[in-house]
Amino acid sequence: MNAALLHCSTVCNAEDVASVQKAKISKAMKAYLERAKEHESCMETARLEYKLGKRHLANMMGADVESFTQQDIDQAVQYLFPSGLYDPAARPTMKPPEEFIPKTKGAEFDETGRPFHTLFFTGRPNFFQLLFDIVENINKLNALEDTTRSKGKSLDSAGKTLDTTGSEWLPKELLEKKIVETISDIEYENFVSAMHRLVSHPLSERAKGFVNEYRKPLISKLENDTIPTPLHDADGRQYVTIYECLRKTARGDVTIKFPGTGKIEVNGQDLRNVGNIQQREQVSLLTVY
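Quick note: the sequence shown uses the numbering used here, first residue 11, plus one each step.
If you are wondering where the hints come from, they were derived from the structure by calculation, not from laboratory data. Small disclaimer: the values here were computed from a predicted structure and weren't measured. Check the hints yourself; a few may be wrong.
Stated by the list, open to error - With a Cα cut of at most 25 angstroms, we get these calculated SDA-like pairs of lysine to any residue:
no., residue 1, residue 2
1, LYS150, LYS218
2, LYS267, GLN279
3, LYS188, VAL209
4, LYS113, ILE196
5, LYS218, GLN279
6, LYS218, ILE148
7, LYS113, ASP97
8, LYS105, ARG225
9, LYS188, ILE111
10, LYS273, LEU295
11, LYS188, TYR224
12, LYS188, ALA56
13, LYS113, THR55
14, LYS188, PRO107
Claimed, not checked - Distance windows between CB atoms, simulated:
no., residue 1, residue 2, range
15, ILE274, ALA100, 46 to 56 angstroms
16, CYS255, ARG101, 12 to 22 angstroms
17, ASN222, ASN286, 24 to 34 angstroms
18, GLY162, THR79, 51 to 61 angstroms
19, ILE252, TYR96, 35 to 45 angstroms
20, GLU223, PRO102, 23 to 33 angstroms
21, ARG57, GLN248, 53 to 63 angstroms
22, THR79, ARG101, 17 to 27 angstroms
23, ARG57, SER93, 17 to 27 angstroms
24, LYS226, GLU48, 29 to 39 angstroms
25, ASN222, THR271, 24 to 34 angstroms
Don't be surprised by glycine CBs; every beta carbon is placed ideally from N, CA and C.
Based on the sequences and whatever the hints tell you, model everything.
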């Protein structure tokens, strides 16, 4: 009799403990759902504001709202709010909220408290999963290399080293946004080191898709600027004329001749007779470079 009562009491206590644990975990899930709801509400408000601003901007530019693309928005903002700031991040922009509102992590555990990711207890599962994926790609390439050599074939028949010219690794800030986790400088160095090891593999081109996800192209000025072809004047000298050069509210055409004489003329006058000394120094400073 006493044993039965003791057994019943033990079972009840275990159920009570499980109920308390479930209640605590449910509170954690409830807190996550509340945060997710707040974030989605913020995103929805931002989307409505973006659509309203897009409609007003299209009306101001006399364009059709339905066919007004993001490229049209960028050009309209640049036209309406011209800026001479060199840093693109400091210039006026109008982007979809998904591009400037930070992402939030999804639920990392279920209602019972069991984490979805096997690396949850590392504290940064997405980052360590990335390192795991890098090593997994290296192991696959090593296996392919061993198989190719064992068959007596040349590695060129299986692939080649990936050419990463014209691109660079994602900086720490962009990598953190991509994996939605904050990492230390040492961890970022470990990521770059592991990626370098992958890229240096003789068959790394086979992992091109994976590698390019974590690289960004370098913007070449030569791709954006068209170099004019020199013309020849009556004396046979080469010259290039750049039209509509901008200096605050002033506009001017600049002609450079080769071989030159060392003289600088403004509207047919010698530079020494134009404006004040500060203006002359600003014009002559361009010739230093």
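Results of checking the hints against the structure:
At roughly 13 angstroms between alpha-carbon atoms, LYS150 and LYS218 fall within 25 angstroms of each other, so this suggested pair holds. The straight-line distance between the Cα atoms of LYS267 and GLN279 is roughly 17 angstroms, inside the 25 angstroms bound, and the hint therefore holds. Between LYS188 and VAL209 the CA atoms are separated by roughly 20 angstroms; this keeps the pair inside 25 angstroms, and the hint holds. Of the pairs offered as hints, the one joining LYS113 and ILE196 holds, with about 23 angstroms between alpha carbons and a cut-off of 25 angstroms not exceeded.
Under the criterion of a C-alpha separation no larger than 25 angstroms, the hint pairing LYS218 with GLN279 is inconsistent with the structure, at around 59 angstroms. Restraint check for LYS218 and ILE148: satisfied, since their Cα atoms lie roughly 12 angstroms apart, inside the 25 angstroms limit. Distance hint between LYS113 and ASP97 is fulfilled; the C-alpha atoms sit about 24 angstroms from each other, no more than 25 angstroms. A C-alpha spacing of about 22 angstroms is found between LYS105 and ARG225, which places the hinted pair at or below 25 angstroms, so the restraint holds.
Restraint check for LYS188 and ILE111: the C-alpha separation of about 13 angstroms stays at or below 25 angstroms, so the hint holds. Proposed proximity of LYS273 and LEU295 is supported: the alpha carbons are some 14 angstroms apart, at most 25 angstroms. Distance check on the hinted pair: LYS188 and TYR224 sit about 9 angstroms apart at the alpha-carbon level, within 25 angstroms; holds. Between LYS188 and ALA56, the direct Cα distance comes to roughly 21 angstroms. Compliance with the 25 angstroms bound is thereby established for this hinted pair.
For the proposed pair LYS113 and THR55, the alpha carbon gap of about 15 angstroms is at most 25 angstroms, so the pair holds. Restraint check for LYS188 and PRO107: satisfied, since their Cα atoms lie roughly 16 angstroms apart, inside the 25 angstroms limit. In this structure, ILE274 and ALA100 break the distance hint of 46 to 56 angstroms, their C-beta atoms being roughly 33 angstroms apart. Our hint of 12 to 22 angstroms for CYS255 and ARG101 holds, since their Cβ atoms are close to 20 angstroms apart.
With their beta carbons about 54 angstroms apart, ASN222 and ASN286 fall outside the hinted range of 24 to 34 angstroms. For the hinted restraint 51 to 61 angstroms between GLY162 and THR79, the CB-CB distance of approximately 55 angstroms keeps it satisfied. In this structure the supplied range 35 to 45 angstroms is violated for ILE252 paired with TYR96, their Cβ-Cβ distance being about 19 angstroms. For the hinted restraint 23 to 33 angstroms between GLU223 and PRO102, the CB-CB distance of approximately 30 angstroms keeps it satisfied.
A hinted range of 53 to 63 angstroms holds for the C-beta pair ARG57 and GLN248, which are about 55 angstroms apart. For THR79 and ARG101, the hinted distance range of 17 to 27 angstroms is satisfied, since their beta carbons lie about 19 angstroms from each other. Taken as a hint, the range 17 to 27 angstroms holds for the pair ARG57 and SER93, whose Cβ atoms sit roughly 26 angstroms apart. Range check, LYS226 to GLU48: Cβ separation about 31 angstroms, and the 29 to 39 angstroms hint holds.
For the pair ASN222 and THR271, the supplied restraint of 24 to 34 angstroms is violated, since their beta-carbon distance comes to about 51 angstroms.
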